[in-house]
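Listed below are the residues making up each chain.
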Amino acid sequence: MLRSRLSKVACAAQRAFSTSPKALAAKQMTVRDGLNSALDDELARDDRVFLLGEEVAQYDGAYKVSRGLWKKYGDKRIIDTPITEMGFAGIAVGAAMAGLRPICEFMTFNFSMQAIDHVINSAAKTFYMSAGAVNVPIVFRGPNGASAGVAAQHSQCFAAWYAHCPGLKVVSPYDTEDARGLLKAAIRDPDPVVVLENELMYGVAFPVDETVTDVDFLVPLGKAKIMRPGKDITIVAHSKAVETALLSAAELAKKGIEAEVINLRSIRPLDMQTIFTSVRKTHHLITVENGWPQHGVGAEICARFMEDPAFFELDAPVWRCCGVDVPMPYAKTLELHALPREPDVTAAALKVLGKK
Amino acid sequence: MLRTLSRVSELPIIVKQLQKVRNCNAAVAVTNKTIVTVTNTKQHQQQQQQQQQQHTKQTNRSSRSYSDNNNNRSNYNSNVNSSNNIGRQQHKNHLRFDSRRSYSSSFFGLFQNAAQAGVAKTNNYATEATVQVNRPFKLHRLEEGPETTVKLTKDEALKYYTQMQTIRRIETAAGNLYKEKIIRGFCHLYSGQEACAVGMKAAMRDVDNIISAYRVHGWTYLMGVPPLGVLGELTGVQSGCARGKGGSMHMYCPNFFGGNGIVGAQVPLGAGVALACKYKGNGGMCLALYGDGAANQGQVFEAYNMAYLWKLPVIFVCENNNYGMGTSAERASCNTDYYTRGDALPGIWVDGMDVLAVRSATEFAIKYVNEQGPLVMETNTYRYSGHSMSDPGTSYRTREEIQEVRQKRDPITSFKELCIELGLITTDEVKAIDLKVRKEVDEATAQAKNGTELPVSHLWTDVYSNNLEPKLRGTNGYDIDHIQERKGVNH
Numbered sequence: 001m002l003r004s005r006l007s008k009v010a011c012a013a014q015r016a017f018s019t020s021p022k023a024l025a026a027k028q029m030t031v032r033d034g035l036n037s038a039l040d041d042e043l044a045r046d047d048r049v050f051l052l053g054e055e056v057a058q059y060d061g062a063y064k065v066s067r068g069l070w071k072k073y074g075d076k077r078i079i080d081t082p083i084t085e086m087g088f089a090g091i092a093v094g095a096a097m098a099g100l101r102p103i104c105e106f107m108t109f110n111f112s113m114q115a116i117d118h119v120i121n122s123a124a125k126t127f128y129m130s131a132g133a134v135n136v137p138i139v140f141r142g143p144n145g146a147s148a149g150v151a152a153q154h155s156q157c158f159a160a161w162y163a164h165c166p167g168l169k170v171v172s173p174y175d176t177e178d179a180r181g182l183l184k185a186a187i188r189d190p191d192p193v194v195v196l197e198n199e200l201m202y203g204v205a206f207p208v209d210e211t212v213t214d215v216d217f218l219v220p221l222g223k224a225k226i227m228r229p230g231k232d233i234t235i236v237a238h239s240k241a242v243e244t245a246l247l248s249a250a251e252l253a254k255k256g257i258e259a260e261v262i263n264l265r266s267i268r269p270l271d272m273q274t275i276f277t278s279v280r281k282t283h284h285l286i287t288v289e290n291g292w293p294q295h296g297v298g299a300e301i302c303a304r305f306m307e308d309p310a311f312f313e314l315d316a317p318v319w320r321c322c323g324v325d326v327p328m329p330y331a332k333t334l335e336l337h338a339l340p341r342e343p344d345v346t347a348a349a350l351k352v353l354g355k356k
Numbered sequence: 001m002l003r004t005l006s007r008v009s010e011l012p013i014i015v016k017q018l019q020k021v022r023n024c025n026a027a028v029a030v031t032n033k034t035i036v037t038v039t040n041t042k043q044h045q046q047q048q049q050q051q052q053q054q055h056t057k058q059t060n061r062s063s064r065s066y067s068d069n070n071n072n073r074s075n076y077n078s079n080v081n082s083s084n085n086i087g088r089q090q091h092k093n094h095l096r097f098d099s100r101r102s103y104s105s106s107f108f109g110l111f112q113n114a115a116q117a118g119v120a121k122t123n124n125y126a127t128e129a130t131v132q133v134n135r136p137f138k139l140h141r142l143e144e145g146p147e148t149t150v151k152l153t154k155d156e157a158l159k160y161y162t163q164m165q166t167i168r169r170i171e172t173a174a175g176n177l178y179k180e181k182i183i184r185g186f187c188h189l190y191s192g193q194e195a196c197a198v199g200m201k202a203a204m205r206d207v208d209n210i211i212s213a214y215r216v217h218g219w220t221y222l223m224g225v226p227p228l229g230v231l232g233e234l235t236g237v238q239s240g241c242a243r244g245k246g247g248s249m250h251m252y253c254p255n256f257f258g259g260n261g262i263v264g265a266q267v268p269l270g271a272g273v274a275l276a277c278k279y280k281g282n283g284g285m286c287l288a289l290y291g292d293g294a295a296n297q298g299q300v301f302e303a304y305n306m307a308y309l310w311k312l313p314v315i316f317v318c319e320n321n322n323y324g325m326g327t328s329a330e331r332a333s334c335n336t337d338y339y340t341r342g343d344a345l346p347g348i349w350v351d352g353m354d355v356l357a358v359r360s361a362t363e364f365a366i367k368y369v370n371e372q373g374p375l376v377m378e379t380n381t382y383r384y385s386g387h388s389m390s391d392p393g394t395s396y397r398t399r400e401e402i403q404e405v406r407q408k409r410d411p412i413t414s415f416k417e418l419c420i421e422l423g424l425i426t427t428d429e430v431k432a433i434d435l436k437v438r439k440e441v442d443e444a445t446a447q448a449k450n451g452t453e454l455p456v457s458h459l460w461t462d463v464y465s466n467n468l469e470p471k472l473r474g475t476n477g478y479d480i481d482h483i484q485e486r487k488g489v490n491h
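Chains as they are written, first to last, in the UniProt record's numbering: chain A, 1 to 356; chain B, 1 to 491.
Same shape as in the complex, but just chain A (with noise of 0.2 Å):
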């Protein structure tokens, strides 16, 4: 029910700014189908590009992103790690300096805690440290934050860990052409990547034109999409969020409300110029993130309002909703209210708002 629910507020969203025919005619395509053929593409374009991980080859993906992969690339691109992710992102980060454009998948970023000395010592720092001599073409992907019943160890959001270190660049696709898009350029960029997709998102199916399945469709890093234009308050969320936001938007709609909905797409660099720009119109600005408070995404954005002209366009403060700063827990009903649902997004507005 929350997924076709959600189709018609992404199919909203949609038409709310585009009725040309070809929004009309487009077609359905999953998030999962959207990195599918990003990977397709990027691989058949240039000869450097392979992906390594577990399962990533034989077993078509562990949530089956490179299905069919293996079968049409072979060995050589597509290749299969065992379970040692401190030494196959070694391997993937060296491959890299030495000139190969390797996409190095992570079964969830929960894992890449084991690996994440390569990822910020060995790949992020390297051009900085080498005076700009060699460079480190990396993608790191995987799923990100919490799944369904997958308990602590396996929930966490690593978008604010990532995107605290210099000479990474970090991504958090929501929708299909977030990730195809995304992806595509992030495989295309000389730095090192992080893409923090999310498993539950995988299956969702989202409508796409025939611009978003060119070969060569790219959705530039570092800059935010309008998800949905509003006047009155300005959310700002990433990633499973995002659709969090877009209900709570949906509701404020009917208090006649009208939320503007920015879908961050990059943690770092961060499009604060799209959320000036915004809150200049709103006045308003509330955050929505899965991750933990404390230092995280919703907490930097406030700084930096703090540290901008911007901030005098606030009427209110700005306010965040996140995640509940506690391990993700098993029980059903206890994970439920463990991350911002829709009610919480609009009480939070409302808050800001100052209205009831």
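By construction, these hints were calculated from the structure, which means they are not laboratory data.
Every residue gets a Cβ at the ideal spot worked out from N, C-alpha and C, and that includes glycine.
Just to be clear, a hint being listed does not mean it is correct.
Unchecked claim - Here are the simulated EDC-like cross-link-like pairs (lysine to aspartate or glutamate), alpha carbons at most 20 Å apart as the crow flies:
| hint | chain 1 | residue 1 | chain 2 | residue 2 |
| --- | --- | --- | --- | --- |
| 1 | A | 125 | B | 481 |
| 2 | B | 280 | A | 46 |
| 3 | B | 280 | A | 251 |
| 4 | B | 311 | A | 75 |
| 5 | A | 351 | A | 251 |
What the hints assert, rightly or not - Derived CB-CB ranges, DEER-like:
| hint | chain 1 | residue 1 | chain 2 | residue 2 | range |
| --- | --- | --- | --- | --- | --- |
| 6 | B | 392 | A | 293 | 47 to 55 Å |
| 7 | B | 392 | A | 307 | 44 to 52 Å |
| 8 | A | 210 | B | 475 | 41 to 49 Å |
| 9 | B | 478 | A | 45 | 34 to 42 Å |
| 10 | A | 83 | B | 372 | 24 to 32 Å |
| 11 | B | 434 | A | 307 | 57 to 65 Å |
| 12 | B | 282 | A | 210 | 17 to 25 Å |
| 13 | A | 150 | B | 179 | 49 to 57 Å |
| 14 | A | 150 | B | 454 | 41 to 49 Å |
Said to hold, decoys possible - Derived contacts from chain B toward chain A, CB cut-off under 7 Å, selection only:
| hint | residue |
| --- | --- |
| 15 | 265 |
| 16 | 271 |
| 17 | 276 |
| 18 | 302 |
| 19 | 303 |
| 20 | 306 |
| 21 | 468 |
Let chain A serve as the given structure and place chain B on it in line with the hints.
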């Protein structure tokens, strides 16, 4: 002990002279490869044996890691080789004897006599020699090992000596600069381990790569960065190879991937470089160096595993200097035979103080990894300094131990002595090299001391190869524009 010597320039003369010398039942064969093989009579053999034993006593260390290696095998195989293929013959099977390099004075005396009795005017020195490596290799899961009989030309002798001496001088200069507080932070010196780097580099081809940890000043120089590039990087000035932005542990140049500060991280990185070589099909390989301290890191074993599964052309080299910082190998590792730690991967133990042994082993390894898959090489070596400049190096080992190695196993001194005795280089040439190297390094040191650092704008230069941040944050605000000077090699 079977020894072969060749002297290209005077062979016909020597042959004649030798034939005149008594006490030698010489079966001399002159090949078109100009190798002279002389077999020894029993008497001669006995003489040699005595000298072997004396020599062995002197060099018989009680050092734990050498206990295996000082076997005195006294069953020699003397060969009478009169075929024309001596130079090409594989001597491996015959080397079940102590291949310690000892100079039989009577044998050497033959040449002395020959030379003196012979031509007065021609250059008395050889241009090529064939010698045995100092200690036999130890093998793990290998039927055949590297060559123990190696050739050394005069040019090579000069080159290796110069390289080792330059590294020694660079490290000494670095140590002094550190004591003067001109070098800050970390400074890990390679003094004592020169033969490892020079030997490996001697075997490397242009397509080959190397990655190591932080004790890399010597490697940076060998891979093409001049002494000023190394010392300048250490003092943090613009003439450094990373323009001062990297420091001691982050030096890079083509085919050399650093310079890595995180212990053990360089090992999977090296396997990745090897994967790139195999992927690109350029026939290259990668040497991934680490120490006895790093040898227990989990990621090292992860790298072994994947390299083996995917047949990556990587040579994992454990430079075992017996101490991981202040912890001796025995206190850190349950198994100190690091060349066996690859388990399914074959391994070779090499005397890391013998540049020719290291070269021979690396040549063997390069061939092996290009054909069969990865292997592990352990070069047993020693560092004179502490782990880094903040470590005096004497709290966990005795000064006597350090002195003993310096006096008896120093890689540079022993190589020099070898080359002089072989007649490949003269003491005058050695002196000239020493002076030249000293001058070069002293000049570089002066320039490194007096050089200028990068302007502050380089703080925000080249953070990204493709910067997308509209502004970078300085200490007080988003007021910095990223400067792009370079793009990096991987585009």
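Cross-check of the supplied hints:
1. Between residue 125 of chain A and residue 481 of chain B the CA atoms are separated by roughly 19 Å; this keeps the pair inside 20 Å, and the hint holds.
2. At roughly 13 Å between alpha-carbon atoms, residue 280 of chain B and residue 46 of chain A fall within 20 Å of each other, so this suggested pair holds.
3. Among the hinted pairs, residue 280 of chain B with residue 251 of chain A is inconsistent with the structure: their alpha-carbon atoms are about 55 Å apart, more than 20 Å.
4. For the proposed pair residue 311 of chain B and residue 75 of chain A, the alpha carbon gap of about 13 Å is at most 20 Å, so the pair holds.
5. With a C-alpha separation of about 15 Å, the suggested pair residue 351 of chain A and residue 251 of chain A falls inside the 20 Å cut-off, and the hint holds.
6. Distance hint check for residue 392 of chain B and residue 293 of chain A: the Cβ-Cβ separation is about 48 Å, which falls inside the suggested range of 47 to 55 Å.
7. Distance hint for residue 392 of chain B and residue 307 of chain A: a CB-CB separation of about 48 Å, consistent with the stated range 44 to 52 Å.
8. Range check, residue 210 of chain A to residue 475 of chain B: Cβ separation about 48 Å, and the 41 to 49 Å hint holds.
9. In this structure the hint that residue 478 of chain B and residue 45 of chain A lie 34 to 42 Å apart at CB holds, the actual value being about 35 Å.
10. Look at residue 83 of chain A against residue 372 of chain B: about 26 Å separates their beta carbons, and that is inside 24 to 32 Å.
11. For residue 434 of chain B paired with residue 307 of chain A, a C-beta distance near 60 Å keeps the hint of 57 to 65 Å intact.
12. Take residue 282 of chain B and residue 210 of chain A: their Cβ atoms lie about 40 Å apart, and the range 17 to 25 Å is violated.
13. The given range of 49 to 57 Å is respected by residue 150 of chain A and residue 179 of chain B, whose C-beta atoms sit roughly 56 Å from each other.
14. A C-beta distance of roughly 48 Å is found between residue 150 of chain A and residue 454 of chain B, which places it inside the suggested range of 41 to 49 Å.
15. For the restraint placing residue 265 of chain B at the interface with chain A, the shortest Cβ-Cβ distance is roughly 6 Å, inside the 7 Å limit, so the hint holds.
16. For the restraint placing residue 271 of chain B at the interface with chain A, the shortest Cβ-Cβ distance is roughly 5 Å, inside the 7 Å limit, so the hint holds.
17. The beta carbon of residue 276 of chain B is positioned within 7 Å of a beta carbon in chain A (closest approach about 4 Å), and the interface hint is therefore held.
18. At a threshold of 7 Å, the smallest CB-CB gap from residue 302 of chain B to chain A is about 3 Å, leaving the interface hint in force.
19. Using the Cβ-Cβ criterion of 7 Å, the hint placing residue 303 of chain B at the interface with chain A is satisfied: the shortest such distance is roughly 5 Å.
20. For residue 306 of chain B, the interface hint holds, since its Cβ comes within 7 Å of a Cβ in chain A; the closest pair sits about 6 Å apart.
21. The interface hint given for residue 468 of chain B holds, since its Cβ lies 4 Å from the closest Cβ of chain A, which is under the 7 Å cut-off.
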